[in-house]
Structure formats: structure tokens, C-alpha cells
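For this one, chain A is given, so just place chain B on it according to the hints.
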Amino acid sequence: MTQPDPQDRPPGGDARPGLTTGLRQPTAAELRAVQASEDFGRLRRSFRVFAFPMTAAFFVWYLSYVLLSTYAGDLLSVDVVGNLNIGLLFGLAQFATTFLITWLYIRHANRSLDPIAGRLRTELEGDE
Amino acid sequence: MDVGNPWLNIGIFLVFVAVTLVIVVRVSRTTRSVGDFYHGGRGFSGRQNGIAIAGDYLSAASFLGIVGAVALYGYDGLLYSVGFLVAWLVALLLVAEPLRNTGKYTMADVLSFRMRQRPVRTAAATSTLAITFFYLLAQMAGAGALVSLLLGVDSRAGQSFVIAVVGALMILYVMIGGMKGTTWVQIIKAVLLIAAVGVMTVWIMAANGFNLSAVLGRAVDAHPDGEAILEPMLQYGVSDTTKIGFVSLAVALVFGAAGLPHVLMRFYTVPSAKEARRSVVWAIALIGFFYLCTLVLGYAATYLVGADTIRNAPGGSNAAAPALAYELGGTLLLGIVAAVAFATILAVVAGLTITASASFAHDVYNGVLKHGKASPEKEVKVARRTAVVIGAISIVGGILAAEQNVAFLVSLAFAIAASANLPSILYSLYWKRFNTRGSTWSIYGGLLSALVLITFSPVVSGSETAMIPGADFAWFPLTNPAIISVPLGFFLGWLGTITSGEHDDVKHAEMEVRSMTGAGAERAVTH
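Residue numbers (my numbering), protein chains in the order written: chain A, 690 to 817; chain B, 954 to 1480.
The following block holds chain B by itself, in its conformation from the complex:
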């Protein structure tokens, strides 16, 4: 497969880096206080934040992965993307607004609002760090895969070098720009990504008389499996186990999105709950549009590039979108798509880093170690240092995980978010009786069960595609733990609560009234 001109790809990407760096430096002139670093002064509008959420959410895994999945397996790629979209209704209906009204900087602010601070903050920070770690690994591994695909760099050293550059850039963005700079990187990236995808989709639809059925027909004619690409279970229907595994993945997706810490933290960047609601509306519109486009792009890649060509390309199914761009618009469009894919990784990674460093500095350092008495300046200093450490860890992790399946790492992060975070977020917002023990049991129970089940699944050992292909200690048959671990997280939250007598009526009244009305919530800050 032709990768176009690697230097052009790199050049367009460097232009993106240069432009965003200038913007980050400019907006960071007003980043002074603690709040500025964490939430950018809460001055973003709902529309800006909604675009940034789309930028955070539409990772390279969903762009390259879903186009590739549709190109190779058709229907099952659509099935996968629908879960990513409908999940946003949980955020819209149940989470975004009360979260904005009750929290300050992190998810733990909300979870610990009416609980004993230290145990709940520790638990919430643990799951936040675990989720961001796996999500970061996925993005860094994705960067490595992109390098070999788009820059023609196949050597391990070359890939490691690019991962290190991505990590260093991300540290720079976060250190200089804080949340404000990171948000602008995400906005720019989201606009580029959605515009690129939209233009390609209109191009393909125009070539087929805006008739979706015609696109499908050409894909069927070109694909070796024919009609089967319009029917379910070409990818997930191998056996009964893979079918249940898919249902489990669907559960992880629908409950995971509203539990992802880097998405939750974005709701603090707007001045009010109403703007948080608008953020989700914009995010749903953009994400929905994006996934509709990926369906068209995937089927178009089937007939323009060919399923076998994609399968045999370096990077496999991830090559479908770039190869399609090359077929449509030659070297230049491929260069743009390649640069957008890199920009995507950079923006998502920066968002994850700021979330993890905020959680460590605000929850672990200040909340737990310093009993909430550390000065704001000291807290931000710790946050910045943490960002460097996390950057370094993710560079090393990314280099080690370079061969791992990106989609699997992302689905694991979603499974943990769905099992460890969402039950306790929903309980603490809507269940009066919920208390400290319920919260910690639910978080640790969901987190541990997800991790244990994954460790003993065919993903880690006992199959040809496993992380450790030589060993076999797998006893859990499914590739995604959510179908067990999510109900377990909800159950443990209930069990822990009813076995503990603790309950704080005063705090509950405060939390409920604040979450519903927004009274006492921080507004935007100016300088």
C-alpha cells in the first residue's frame, strides 16, 4: 500500500503542532491561579466545550478503528460505533449538570461530597489513575502503529522515537497551557477531524448520487464475503463466546462514557450547569455526525481500496481510512488525514494527562496526604510535576505496549469506567442512603473485578492473539469483563451502603439542593 509522501505527512503535522503551540502560549498568559490550570477559568461556552469533548472522545482508535472495522466487517463496525454514541445520553440525562453543580476540579469532588473525604477520594483517584493509564497506553500504542503506517518507519527505534516526541509535546501543552491550552488543542483537532471526515463523506456520497444503498451495493460487490457485510456478526459471531463478549462490550460502552474521568472533568470548564448541558448537546451532534460518516467511509474503503489490500497493509484495519484518503485525494489528502490522526492522539493524550495530574494533586496530594490544607500554589506545582511524571510513564508504557491492540486497551478503560465509576456517581447523585462504605466497595469492587477478569481472559493468555501468547492461565472466556463487573459494581455499592449505618442528612440536603439548582456553584473567573 502506498503511504503517500511521509515528509508531507510530517510537514502537515508539524504545522498543526506549531499553530496549536502558538495558541497554547497565547491563552496561557492568563493561566495563573489553581482554577485556571484545572478548568481554564470556567470561561468556555457550551459550544466550545462540546467541540472539545468531541475532540477528547473521538480518539484515533475510533477514527481509524471504526472505519477499518466497517471496511472489513461491515455491519459490526456500525454496531460498535452506535454504543459510543448512545452512551452520551447517560451523560446528558443523569450526569453532566449535577456534576457541574456539585464538583470543583475532579470526579472525586462529587463522589466525596457527602462522604468521609479520605477513603472516598483515595478510591476515586485510584480508579481515575487506572482508567487514564490504560487509555494513555492505548493512545501511545496507537501513535506507534500510526508511525509505521503513515511515515513508513518500521524500525522499533524509529517508532519509540516518535512516541517519545508525542509524549514530550503533550507535557509541553499541559505544562504551558493547563486546561485552557489543552481545551484549545482539542477544539482545533475536533474541527479538523470532523471537517476532514465530513468532506470525504460528501465526496463519496456525491460520487454515488447521494444514494447510500448504491455505496452499500458497490461494497458488497467488492468484498469477498459479499452480502455478509450488510448483515450482523461477521466479526463478533465466530462463536457463542464471542457473541456474549460483544454484548459485554456493548454494556461497557454504554455505561463507560459517562464515567470517563477526562470527559467528566471537561464539564468544569463551563460557567454553569446549563452550559454543561449545551456541551453535551454539541458533543452528541458532532459525535453522531462523525460516526454516521465513518459508516460511509468504511463501506467506501471496501470498494475503493479493497478488503484484502487493507488486511495486508501495515497496521491492518487501521490503514483503511488513510488508504481511502489516498484513493480519493492523493498524497495531499492522505497527508492531511495522517496529520489529523496524529493531532488526534496528541489532543487526547494531553486531556488524559491533565486529568490524571489534577486527580493526583487535588485528591491524593492535597485531599488525602495534606488533609485539604495544602496551599493552592503548592497544589498546582504538584499537578505540573505529576504531568511530567505521567508523561514519562506513558512514553515508556507506550513504547512497551507498541504491539498491543489499541481497540482492546480502549475497551478496557471503558469497562473500568463503567464498573468502578458510574455506579458510585449515580448512587451519590440519586440515592439518599448511599454512604462511604458503599462508595469504596463499589469503586474498588468494580475496578478489581474488571482487572482480574481481564487478566484471566483470552486477551492476556491462552490464545494466538494474546498479550502473552506462550502462556495459558485464562479461565474467563470473554474479552470484555463489563457484563459481570458492572452489575457487581452496582451490587457492591448497594451492599456496602446497607451494611453501614453512616448517613449525613445535612450534607445530603446540601448536595441535593446544589446539584439540582446550582446554588453556590462557582461561575466563570476573569482576570
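Bound conformation, chain A alone:
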């Protein structure tokens, strides 16, 4: 699993502890304009297209583990490797997929979300 790099700060370098809220607060009109902008539409779409199906997928995957464990015990009791049966491997796979989805999301956010979000934020708050 990738560990966060403490040196890697968000765009604009504004996350250093030590900076207070001296930034300009955007007005309602500016926020509405940004909401209607093409850039923001891309950001929202890019986030939703990843996050929503991924949430549905992990939930279905987890629910199938719960329901098969509850109602298909005989199937899950079949040994695969040594004393490890299908059910135990299914459970361990839940850990693996959780770590995998976390990694995929971090990669997606770093590549596709943070650059747009950072650009829009700078646009709204102005340069320091």
C-alpha cells in the first residue's frame, strides 16, 4: 500500500501549518459562476464516475460475502489450501480489496481530481 509522502503538499502550498485563514472568501456570485464552469463540471463528473460505482461495487462484494457466509456455509467450507477454505479466503480477500480500492482512489484523486480542484481553489481565493 502506498504511504502518504509528508513532503507532498496540496497545490498552492497552502496546507503548511502556520498559515491562518487570511485568504479571501469567495462571493456567492463567484461560486455560482464556478459551479457552472466547464472545469467544475469535469471535476464533479470525474469524482462521481469513480466514487459512486466503486461504492456500489464494494458494497455488493461485501454483501455477497455476508450473504454467502450466512446462507451458503457448505460451499464456503470447501478447503482450498491446507486448512484455509473458500470462506476464510473470501474474508481475507475483503481485506485485500479494501486496500486495493483505497490505493485506486488515491491514484485517481492525485491524477484527476487534485489538479482541477487546486486550480479552481486558486481562482476563487486568489493568489497569496
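No lab work stands behind these hints, which were simulated from the structure alone. Owing to the predicted nature of the structure, the values given are computational and were not obtained by experimental measurement. Treat the hints with care, since some could be wrong.
[Stated by the list, open to error] Covered stretches of chain A, as calculated for chain B (at least 3 residues, CB under 8 angstroms):
| hint | segment |
| --- | --- |
| 1 | 723-732 |
| 2 | 757-767 |
[Said to hold, decoys possible] Keeping only pairs whose Cα atoms sit at most 20 angstroms apart, straight-line, the calculated SDA-like set for lysine to any residue is:
| hint | chain 1 | residue 1 | chain 2 | residue 2 |
| --- | --- | --- | --- | --- |
| 3 | B | 1196 | A | 792 |
| 4 | B | 1385 | A | 717 |
| 5 | B | 1057 | B | 1422 |
| 6 | B | 1385 | A | 730 |
| 7 | B | 1460 | A | 749 |
| 8 | B | 1196 | A | 752 |
| 9 | B | 1196 | A | 738 |
| 10 | B | 1196 | A | 762 |
| 11 | B | 1196 | A | 749 |
| 12 | B | 1460 | A | 722 |
| 13 | B | 1385 | A | 747 |
| 14 | B | 1385 | B | 1458 |
| 15 | B | 1196 | A | 764 |
| 16 | B | 1196 | A | 722 |
| 17 | B | 1385 | A | 786 |
| 18 | B | 1460 | A | 773 |
| 19 | B | 1385 | A | 748 |
[Said to hold, decoys possible] What the simulated footprint calls covered on chain B by chain A, stretch by stretch (three residues with Cβ under 8 angstroms from a Cβ of chain A suffice, anywhere in the stretch; the number is not a length):
| hint | segment |
| --- | --- |
| 20 | 1036-1043 |
| 21 | 1118-1130 |
| 22 | 1160-1174 |
| 23 | 1467-1473 |
Where is the CB? At the ideal position from N, CA and C, for every residue including glycine.
Chain B alone, transformed into the frame defined by chain A:
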């Protein structure tokens, strides 16, 4: 069962208390403003906050409870712990970052962002207080159970005394340290807990040639039910009702974690959404590692301690982890594990107290009673006083609830969080049309349905293990209400919204842009 040397257990715990108190006093020198009390100056890094989240989340119930469940029932213990982990994906994918971007101190900040303030703040504070109350009761009851198990104190008076000490310490941490002090207590506790669990796991795996299958094989040979501990439904498969009850519990776990107010409040302690995301990544890594370890520890307890010995120990299945520590490392390791278990309770309880007092002072006192016009100094004063009151209530509640099942109280808190909080958090972040009526219906509907169903379930009456064993007014067969109350919370949120014409486009634009970009969100504060 041998509890080792109670004085050594107490001694190691007192060292923990002394060290954390010194740290709390040191960091509190910079706690002056309102923000410092609520979010510790937003100066924690994602890694620090992620460790603190693990500290908040891995309560004594999950440490002692899951090791015990695996030791006695095998597979079903794993099944239970998986829910606690995957639930974090909801927080990672949908909640943590937008919450950090739109809120200030509490969950109600986000829920009321584009709604009418007073009704939504009242509703959100009500569910926050209800959840923290049940979670606090669970921790305090757990403290009582630990006392009899680890200190050899069986008398009711002795247990009550220890609960009172835990409560007093918690008030002290919160009063002196605010969020910054509380966070450091959680970080230290999480590191100790995960290190202790990790060392024991490596120890066991090394003794079995790092072969998990060998550990399982020895557990099967030692357990009276044999192979059944590697197969599902030894614990939950008693009847069709207990099976559906388990599915319901799974729903509560997966939707509950991202609705727990004390977890949500932790996202405000970091300087940006990106750090909030990192917090969750660290939390997922640590929590996942922890639950993998508990699987090994549980099966090891089956063959090293023995299922019957655990069942007959004071504290029942909760005794599995301490007894295993004693088998492995004698009195000293048992002392360390016992002290870590107490530290766990203390840290979780402090986190809950600060959340409840923040919610009362910020949402109820300032937001509702003073229409948001109270001065920040006055608000923090109220928060500190509330912490004392909550401390007192939880001491009394903990003493009264000492005999209650800890795991059940925790699952109830998760069920309420999943039914009352999560629907309205998700709707207000992602559904444009959502409005005040939808929000209040969803929160109150989820909260009330969860509470009513629990009241009329076999947990409260009508069974041998019920809270009121003599009475029988149970008509709801399941021990967890989530399978009904969570869909109901989502449904009422939808119904309330479409039957009300209210909608604030301007506020929605503001909330959406802020939540996605972080524009205008508060950064870290220095002094």
C-alpha cells in the same frame, strides 16, 4: 484463570496515565481559542490524524471482543471484523474530504449548511448526543468488566470506583487538553495497542513457521467443535432469525462507521481535504492490519488457552486476549495488554466526550438557543462545562450499565449512526434537491425507528440474556434494527424532500463548490 499480578497491571496503566497527562498539559499550553478546543488548531498531519482515528475506532470492545469471538466461534469473529474495516471505504470515497471542506467544528455544520439552521442543527445534535451516549455507556460498561477481569476486583463497589476514576480522568483530559490533548492520547494509545497486537501476532506466527494454516489446524484440534470453527455460522447460525439479525448487523457496521460523530469530528483536525484523505488511508491501513492480527490471536487463544477455559473465565470471551498474553509472555505481557485495554477505553471515552460537548455547545447552545450570536469564549466555556456534565452522566450510566453486553451497545450506536446520520450526510453532499424537511425526517425517523425497534427486540426483553429478563414485550425478532431503520432513514429523507418546496440554489452552489474544491475552508492555525 490467572490474572497475573493486578498491581503490575495497575502500575503499567498508571504509567500510561502519567505520560499522557504530561503530554496533554504540554500541548495544551497553546490551546486558547475556540478552534483549539474543538479541532486542535487544525495542525495535525494526515498521518497523525489517521493514527488517532484508529485510536478512536479500535475500542476495547473490538480488541477484546473480536479476539474472544474468534477464539470461541472462529469464522464468525472474522465475519464481524470485516464489516468494521470495509465501512471505511464509505468514509474514504464519499464523506471525509467534502466534510472537511464544508464543515467547521461539528457534523451539524455540514448538514445545516444549505438548510434552515435551527431545525437541522437540533436534529443533528440530538442524534450526535444519542450515539455518543450509547457509545459512552458501552465503553464505561467495558471498563467495569475489565476491572473484574484484570484487577481481580469483583465487588460492585470496586468496579464502580474504577468507572468513576476512568470518568474523572477523561474529564481532566478533555478540560485541560481539548481536542489537541485528546488527539495525542489517542495517538499514543493506538501505537501501543497496534504494537502489542502486532508483536503477539508475529510471536504466534513465528512459532508456527509463519504458516496460517498450521495455526488454524491447531485451533481445530483444540476446540470442542473442531472443523466448525473454520466454517461460518457457529455463532450467528442458531436460527433463521439470528441469521437475518447478523445480516442486519452487517448493514449497521458498513453504513455506521462514516456516520459516527466522533470519527467525523476528527476530520476537522487536519489542515486540508487532502490531509483528511490521507487520514483515512492511514486509518484503513492500521485498522486492516489490526483486524488481521485479531484473527491470528483469536485462533491462537483457542489452542493456547482453550475454548472452555475462556468461556468459564470471569468476563467470558473478553478474557481471551489477556489470557493469551499471559500464556505467551507471562505476567509482564499480561500487564501490558491489560494497561493497553484500559488506555483504549480512556482514549475512546475522551474522544466521545469532546464530540458530545462540542455538539452541545456549538449546535444547541450557540446555534439554536443563541441564534449563532454567542461569543466564541462563551461557547467554549459552555463546551467545557458540558464535558463535566457528560462525564458525570457517563460515570453514573456506566455504573448502572455495568452488566450490559458491551458489543451490543456498540452495535446499537452503529445502527443509529447508520440510520440517522449517514442518509442525511450523503443526501446533503450529493443530492441537489435535498432540503430541511428531508433532513429532519431522515434524522429523526432513522433515530426513532432504531430506538423503537431495539426497545421491542429480544435484547431488551423476552429472552434469558435480555436487559429485563423477567418481562416480555418483544415483537421485533432481530437483535439489530439496521436492516429496517437504514432503508427507512433513506426513504424518509427522500419523502420529506419531495413533499417540501424549499430549495436554496445559491447555498447549494456554495456548498457544492466548496466541498469539491476546498475554497474558503479554514486552514491550520498557529499562535
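Now for the hints, and whether the structure bears them out:
1. 723-732: holds (count 4)
2. 757-767: Contact hint for the segment 757-767 of chain A vs chain B: holds, 6 residues under 8 angstroms.
3. B:1196 <-> A:792: With a Cα-Cα distance of about 33 angstroms, the restraint between residue 1196 (chain B) and residue 792 (chain A) is violated, given a limit of 20 angstroms.
4. B:1385 <-> A:717: holds, 17 angstroms
5. B:1057 <-> B:1422: Between residue 1057 (chain B) and residue 1422 (chain B) the Cα gap is close to 45 angstroms, so the pair fails against 20 angstroms, i.e. violated.
6. B:1385 <-> A:730: holds, 14 angstroms
7. B:1460 <-> A:749: It is violated: about 34 angstroms lies between the C-alpha atoms, which goes past 20 angstroms.
8. B:1196 <-> A:752: Measuring from Cα to Cα gives roughly 14 angstroms; hence the hint holds.
9. B:1196 <-> A:738: Not satisfied, since the Cα-Cα distance of roughly 35 angstroms exceeds 20 angstroms.
10. B:1196 <-> A:762: Status holds; Cα separation ~12 angstroms.
11. B:1196 <-> A:749: Answer holds: residue 1196 (chain B) to residue 749 (chain A) is near 18 angstroms, not above 20 angstroms.
12. B:1460 <-> A:722: Given that 20 angstroms is the threshold and the Cα spacing comes to 13 angstroms, the pair holds.
13. B:1385 <-> A:747: Status violated; Cα separation ~25 angstroms.
14. B:1385 <-> B:1458: Roughly 8 angstroms separates the two Cα atoms, so the pair holds.
15. B:1196 <-> A:764: holds, 17 angstroms
16. B:1196 <-> A:722: violated, 52 angstroms
17. B:1385 <-> A:786: violated, 31 angstroms
18. B:1460 <-> A:773: violated, 54 angstroms
19. B:1385 <-> A:748: Given that 20 angstroms is the threshold and the Cα spacing comes to 24 angstroms, the pair is violated.
20. 1036-1043: It holds, with 6 qualifying residues against the three required.
21. 1118-1130: Contact hint for the segment 1118-1130 of chain B vs chain A: violated, 0 residues under 8 angstroms.
22. 1160-1174: holds (count 7)
23. 1467-1473: holds (count 6)
This entry does not satisfy hints 3, 5, 7, 9, 13, 16, 17, 18, 19 and 21, going by the numbered hints stated previously.
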